[in-house]
Each structure stands twice: as structure tokens, then as C-alpha cells.
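All chains, please: the whole structure from these sequences, using the hints.
2 protein chains.
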Amino acid sequence: MSILIVGSLAFDDIETPFGHSDNTLGGSSTYIALSASYFTETILVVGVVGYDFEDEHFSLLHSRNIDTKGIQKIEYGKTFRWAGRYHYDMNTRDTLDTQLNVFADFDPVVPHQYQNAEFVCLGNIDPVLQLKVLDQIKTPKLVICDTMNFWIEGKLEALKKTLERVDIFIINDGEARLLSGDPNLVKSARIIRQMGPKTLIIKKGEHGALLFTDNGIFAAPAFPLENIFDPTGAGDTFAGGFIGHLSRCETINDIELRRAVLYGSTMASFCVEKFGTEKIASLELLEIEDRFQSFRELSRIDE
Amino acid sequence: MSILIVGSLAFDDIETPFGHSDNTLGGSSTYIALSASYFTETILVVGVVGYDFEDEHFSLLHSRNIDTKGIQKIEYGKTFRWAGRYHYDMNTRDTLDTQLNVFADFDPVVPHQYQNAEFVCLGNIDPVLQLKVLDQIKTPKLVICDTMNFWIEGKLEALKKTLERVDIFIINDGEARLLSGDPNLVKSARIIRQMGPKTLIIKKGEHGALLFTDNGIFAAPAFPLENIFDPTGAGDTFAGGFIGHLSRCETINDIELRRAVLYGSTMASFCVEKFGTEKIASLELLEIEDRFQSFRELSRIDE
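First to last, the sequence lines map onto chains A and B.
Residue numbers are given in our numbering: position 294 of the first sequence equals residue 294, and the series is strictly consecutive.
Residue numbers are given in our numbering: position 75 of the second sequence equals residue 75, and the series is strictly consecutive.
Some hints could be false.
One copy or two, either will do: identical chains are not told apart, so a pair holds if it fits within one copy or between any two.
[To be verified] BS3-like cross-link-like pairs, simulated, lysine-lysine; straight-line CA separation at most 30 Å:
| no. | residue 1 | residue 2 |
| --- | --- | --- |
| 1 | K279 | K187 |
| 2 | K141 | K78 |
| 3 | K187 | K274 |
| 4 | K160 | K141 |
| 5 | K279 | K132 |
| 6 | K187 | K69 |
| 7 | K274 | K78 |
Please keep in mind that the hints were generated in silico from the structure rather than gathered at the bench.
In C-alpha cells:
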């Protein structure tokens, strides 16, 4: 199955209590694509980069078999840049700098050969652009969408139009409360699912994730890690593992959705162990399965 | 099996965004005892109350088969009082008033017929008093202990002496970080377990609880409730369900400890649905089992 991913490609300057990493390859679609690449063969990325996105960066994506023909390279501009600093507890961060650069004028064009993609993952970008991408896909089997506070506050109407066409929506707890206007997550979920997406995932960072479907609620823990090195991209990495697992399922039912949440959590748990994409660019399938099994153990009740 | 519980008996004035309840029966040992009463027949309470603790309050405890011979009634003083107000999100609260009253001079005396108790639950009181209680118990099979920031900051040495004699320690995430000096809960758990308790439970409120044993980590979700009415006593109610389940197990192993965490979570989820002890004073065994099964469903992966 093919997965089309649209989102940002970026260079990040990251500071954590344990060190810093400058000019690190990042961006939502980078994390999603790398993470999903362990689950399926055909990953198609639509995005935009500047002249500073060099062969080595394309090579890294190609090394994971990611198709980059949908990435426009603008020779007269720079790639999107973000700088942030994490606090002592790693749960909060300050954005120190955001330079949209070529991303400011991003007008996503889905190449002809991508338009039959079966799975579509709309990374956290302007919902107007998310809609433009959906308009170019013929008959997607499943549409997954992420967003953030910025768009909920600034582009609510466009976001609501996007959500009408989304099957699975992935947001964090703060975003769910903001979008629904209700502090209770169970009520929030009901309100948001009425906007369109039948399936909703609310990520709670170090507290795991909740999956809401017509059949009930699934609560996944986060992996209790001793060393969280850099949380950047963990949410996107979750989305990549989640859609990656679903893309290889013959039938998508609640059991596979629950497994997909654990695979997403598994990938996210690797992501935070090194700076940027370092860890998720070079995993072995066996270690992914090992940690997936550890996740199952973590909440297993019976012998 | 008999469970001896020592802790506070109190009257609370509680304000939440949904209403208020004055002069509500509360206190750590009240919640622990009521919660544990659904799991075992012999519940022994050691505590102190004033002249305002009336027959109706004793009757409520007796209606759940709780033995109150260890509760000293001081005729010239008033029962411990606490007043608090919960914020909009129900996760934070302000203490508006604390009146220790007869609790200020509490010197726990374990009645002779209680001294063979097999299970001991040390509620959140001065660790010096917790030690005094332990000194009066002959050969407890299992000692469970709770504490709070106030004692970690003010009576650390006494608390450490208590912990050397504790089998299972139950605290919340903030208390774990304070006691260990480490923001990471996995590292905190290792540091705290080295202080004595082989088994540690870190409660995370609406995010569930983590169980740490020699054999690994268990992550229990909290029950996703639509209506949280009053969180007062939820932690003590958790402890009551937890020790209650263990007291009826022939062997205490990791499986039973995990089940006990879910029973504790089950009882806590009922507690918050009404003001004070109202809900946990009048449960049916069937609804406890129903919710326990719902908890299992909540994190079940396989068919």
C-alpha cells in the first residue's frame, strides 16, 4: 500500500538539558515518513525545501526508500527553520525562532503518479493546504490528519472543512480541549468526532494516548523511559508508525487500530532517545518488534 | 484476612465547579476503609475523632462492617477539618483551611485484638506516628504506606525510617519527584525502591498509575470519565481497593499486584463520581466487577 505524506521539511536548532543539536534535519513529514518507512515500501512525500536542503538530506530519505519526487526544491530560498529549547522536565518547550522561508509560499502539488495513493497523512500544516492536497487525491482509502493550536486558533473554518474529509484525526490533549472548548477529554472526543473523523487519537505525551472509535476507548501507556533525550518529532513519529501499521493491514478494525496506536507509541519511544531523526533513521525491524512486545507487557493483566 | 488502617478521620468542606458539600465525612482512613470493605470482612481502623463525630458517622462505617474500636473519641475536642476548592479542570485544588483539632495530639494506640493484623495500611499521617503503629503490630504480612509532600519536606528522616519497614509504597508523581530529587519517574522509582519498599506505585491522577516491582513496570490507565464530580479521597480510595484485593489473594505475585492496581483504579473511578464518600459508601459488588472488566477492556490489545 502507498502512503502519501504532506507536511514540513525543516532544519531545527534544538536545545535540551542534555545538549544541543543545530541544523538538524526535521519537519513533520520527515519524521512521519522515516517512521512509516519501517512498515511499508511506498512512501511518497509532498513538500518544499530550499537550496540548503542538500544531497545528503535527500540521500537519507532515499536510504529509507522514501520517494522524494513530490518535494519541490526552491533554489532561491531557504528551507523552513525552527529553533526550540526544552525545559528541565522535557514536557514544556519554548520556541526560540521560526523562519518559514520557502514554506511561506508552499502550494502543494501532488505529482500525477502520487494521485492514486491509498493512504494520505496530512501533517501539521495550514488546513487550507491540507484541503488542496485532498482535492488532488483520487480515491484515498484512509485519510489521517494532524494539526496544532496555531491552526485551531487561526484557521478554524478551514480546519473544520478538512475534518469533514478526515477518517482519523490525531491531536494532543491541549489541542483537543482548545478545539472542543471542553476540559474533559471524553466529552472533547465526542464533540470532535462529530466534526467528521470517526476515529480520534488524543496524544498525552509522557502519559500515553487515547483512541476513540465507535466501539469504545483504548488507553495506551507511553513507554517509561529513563532517558528522554529530545522530544522533537515524537508526535509525528507516532503518526508515522500508526499509519505505517494500518497500511499493511488487510482490514482496519479496532484491534488493528489499537495495535497501530502501540506501533506509533513504539516508534515515538525510539524517537526521543536521540537528537532529531538520528534514532528513527537507523532502526532494525527486530528492535521495533521487541519494543512493541514490551509495550504489550506494560499493560498486560493476565498470565 | 484482616486489614488494619491508620490515618485521619475528618470533616471536609469541598467546593468544585459543580457545587459544594459542607461537613462531609472524609479523612484518609475513612476512604481507605470504605473502599477496602468491598474486598474483605475484617477492617480495623485506628484513629481519633472529636465530640462532633456522631453516631451516624460510626453507623456509616459499621454499615460497611468496619471495626471502629480503635477510633479514640475525644469528648473535649473537635474532629480534624479540611476545606478545599477545586479548579475548573479538577486537576488542581487550593486548600482553604486546615484545622487539626484532636488530630494534633493523636497518639495511635493499636488495641490488643488488632495487633495480629496481617495487612497494615499506613495512611497519609506523620511518619513518626506511622512508625509507632508498626511498633505495635506483631508480624504483619504486608505493610502499605502512603505519604505527602508535607512529610517529605518536613519529616524526611522519619519517613525514611518508615520506608525501611514498608513493602508497598503509594505516592503520586509530584511526591515521587520530590522524594527522589529526579524528574524522571523511572529513575525516581529506582531511587525510592532503594529506600526500602520493593513495590512502588506512582499515581498520576487522570493519567493512571505505574506499578514498579522487581519484575518490571505495569502501566494502568485511569478510567476516562465524562463527569468528574469531586476528586477528594480518590488516592485513598485507590489504596483501599488495592490492599483490599491483595488481602483476598492466596499468593501475592505480579499478576495479583497488577489486578490490585486495577481494582484500586476501579474504586477511585467511583469515588470521583459523587461528593465525598457518598458513592463508595453504597456500591454493589456487581458494579465493581463490571467496571473492573471495563478497565481491562480499556487496555486490551488482543481479541
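A quick look at each hint next to the structure:
Proximity of K279 and K187 under a CA criterion of 30 Å is satisfied inter-copy only: 22 Å between copies versus 36 Å inside one chain copy. Neither within a single protomer nor between protomers do K141 and K78 lie at most 30 Å apart by alpha-carbon distance, with minima of 34 Å and 68 Å respectively. Within a single copy, K187 and K274 get their C-alpha atoms only as close as 36 Å, which misses the 30 Å cut-off; across copies the closest is 18 Å, which meets it. Only within a single protomer do K160 and K141 lie at most 30 Å apart by alpha-carbon distance; the minimum there is 20 Å, versus 58 Å between protomers.
Taking the shortest Cα distances, K279 and K132 never come within 30 Å of each other, neither inside one copy (32 Å) nor across copies (52 Å). When the C-alpha separation of K187 and K69 is checked against a cutoff of 30 Å, the pair qualifies neither within a copy, at 42 Å, nor between copies, at 45 Å. When the C-alpha separation of K274 and K78 is checked against a cutoff of 30 Å, the pair qualifies only within one copy, where the shortest distance is 26 Å, while the shortest distance between copies is 57 Å.
Of the hints listed earlier, those the structure fails to meet are numbers 2, 5, 6, in rising order.
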